[in-house]
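Number of protein chains: 2
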Amino acid sequence: MMTDPDITAAVLIIGNEVLSGRTKDANLGFLGSELNKIGILVMEARVIRDDQQMIMDHVNDLRRRYDYLFTTGGIGPTHDDITSESIAKAFALPFGRNPDAVRMLSEHYDDKDLTAARLRMANTPEGVILLDNPVSKAPGFQVENVFVLPGVPVIMQAIFAGFRHRLQGGREMLSATLTCDLPEGRIAENLGHIQDRNKDVEIGSYPYIRLGKMGVSVVVRHTDQARLDSVSGEIKAMISGLGGKIF
Amino acid sequence: MMTDPDITAAVLIIGNEVLSGRTKDANLGFLGSELNKIGILVMEARVIRDDQQMIMDHVNDLRRRYDYLFTTGGIGPTHDDITSESIAKAFALPFGRNPDAVRMLSEHYDDKDLTAARLRMANTPEGVILLDNPVSKAPGFQVENVFVLPGVPVIMQAIFAGFRHRLQGGREMLSATLTCDLPEGRIAENLGHIQDRNKDVEIGSYPYIRLGKMGVSVVVRHTDQARLDSVSGEIKAMISGLGGKIF
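Taken in sequence, the protein lines are chains R and Y.
Quick note on our numbering: the first sequence kicks off at 1313 and runs consecutively.
Quick note on our numbering: the second sequence kicks off at 1313 and runs consecutively.
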């Protein structure tokens, strides 16, 4: 059901506000699709509370399971921003003021505005690679295969753009989406046969309800364009054969 | 930093399409806020691929850690819908055709439309409690403390409404949100002092960027309205004292 991924990743979203439903996460969608473009497959994501033990446990679990781990959230100036310190603990690294991070913050803030709280954003585990933040200067950082990023989407995305070229990618996963007006149950059996005959191709089926009518989007994924076209063609013919319209 | 939750839960979102960024999950936000209203705190959420071993491992891990586990996705009629069978395996229960589920589907589909593929939606682990689906009839189900729900939000929400009264809740977590035009770094130090003086109250700080300006929302949470009002009042006074406007 899936081509073996060359390179894998996980995303760890840190923040009570996402779990309480107050904030809708936008970072998983961005990272999932951007990483996909460079051939890195996000295998799982987790959303956890701002809790030191939880952060440590999940960081240590995920960084060992996958090639890359991206964390978002909890690196700002307030008391509930405990990600950086928790990551230092997870790696058993000393934690303290990073002079390069202080320099980056100084470019953005006058001395009087560089408060004790803001200087907290210059605390990192020892020996990390700082990740440039062109928006608000407070950097993210990288320790081994873990990239530690802020939760505000525009800032996270700007930092990501700065290190994206350094990630070791695999073959890009290409995809084609076929959306039709048949309910999922109408195409399910034939779609299963097509999947059986094409085990190297990932075929996903995603029902939706729009204006009270059920339809389905079929997503076909493969690293090879010719295989993608061939299997998409089979699915199109199958849907048309059942009297379905493809949008 | 948080009042001890009486009752805890996790959400397990099953579906490749959420990890690839194609689909934005809407179920965590709904469950997080609805469960919160009945005093059940979502402690973590995980998003995983449609993979039998992953589903089994995460279901078994999460159902033991928390009072409740809610899964979404992967219970439809297509080949990639493998949640129900994986959950049977996780519980080491026999898996097969559920006569009550067949009856529910028969109410919705004519005999000729009750295809083999659709009948897959009537396969469940043995001995489960079926969860009524008023929208499209194919039921969710409950095994012990695990509620197995579909991924389409309107259907998931309709099923949830049907069993919500059966959940054992705790004290409702009340919250107040104070959004102001000061950047997070300006209020961080004073906010930390307020948190230190009020350790029973959960105070979260969520920066945002709007029209190029940074601001911050402070969210105060407690089960007791009087405590909530008192700490919110302190924070309002602090923000005004720094020259901030509260919206």
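Honestly, the hints are just simulated from the structure, not real lab data.
Quantities reported herein were computed from a predicted structural model and do not represent experimental measurements.
Do not rely on the hints blindly, as some may be mistaken.
To be verified - Pairs of lysine-lysine, DSSO-like flavour, derived with a Cα cap of 27 Å:
#1 Y:1511 x Y:1349
#2 R:1511 x Y:1525
#3 Y:1525 x Y:1349
#4 R:1548 x Y:1336
#5 Y:1548 x R:1525
#6 R:1336 x Y:1349
#7 Y:1349 x R:1525
#8 R:1449 x R:1511
#9 Y:1401 x R:1336
#10 Y:1349 x R:1401
#11 R:1449 x Y:1401
Tested hints:
The suggested pairing of residue 1511 of chain Y with residue 1349 of chain Y holds, with an alpha-carbon distance near 22 Å, which does not exceed 27 Å. With a C-alpha separation of about 50 Å, the suggested pairing of residue 1511 of chain R with residue 1525 of chain Y is violated against the 27 Å cut-off. The straight-line distance between the Cα atoms of residue 1525 of chain Y and residue 1349 of chain Y is roughly 33 Å, outside the 27 Å bound, and the hint therefore fails. Among the hinted pairs, residue 1548 of chain R with residue 1336 of chain Y is consistent with the structure: their alpha-carbon atoms are about 25 Å apart, no more than 27 Å.
Proposed proximity of residue 1548 of chain Y and residue 1525 of chain R is contradicted: the alpha carbons are some 48 Å apart, above 27 Å. Between residue 1336 of chain R and residue 1349 of chain Y, the direct Cα distance comes to roughly 18 Å. Compliance with the 27 Å bound is thereby established for this hinted pair. Annotation: proposed proximity of residue 1349 of chain Y to residue 1525 of chain R is violated, straight-line Cα distance about 31 Å (limit 27 Å). Proposed proximity of residue 1449 of chain R and residue 1511 of chain R is contradicted: the alpha carbons are some 47 Å apart, above 27 Å.
Taking the CA atoms of residue 1401 of chain Y and residue 1336 of chain R, the gap is about 32 Å. The hint is violated against a cut of 27 Å. Straight-line distance between C-alpha atoms of residue 1349 of chain Y and residue 1401 of chain R comes to about 34 Å, which puts the hinted pair past the 27 Å bound. Proposed proximity of residue 1449 of chain R and residue 1401 of chain Y is contradicted: the alpha carbons are some 49 Å apart, above 27 Å.
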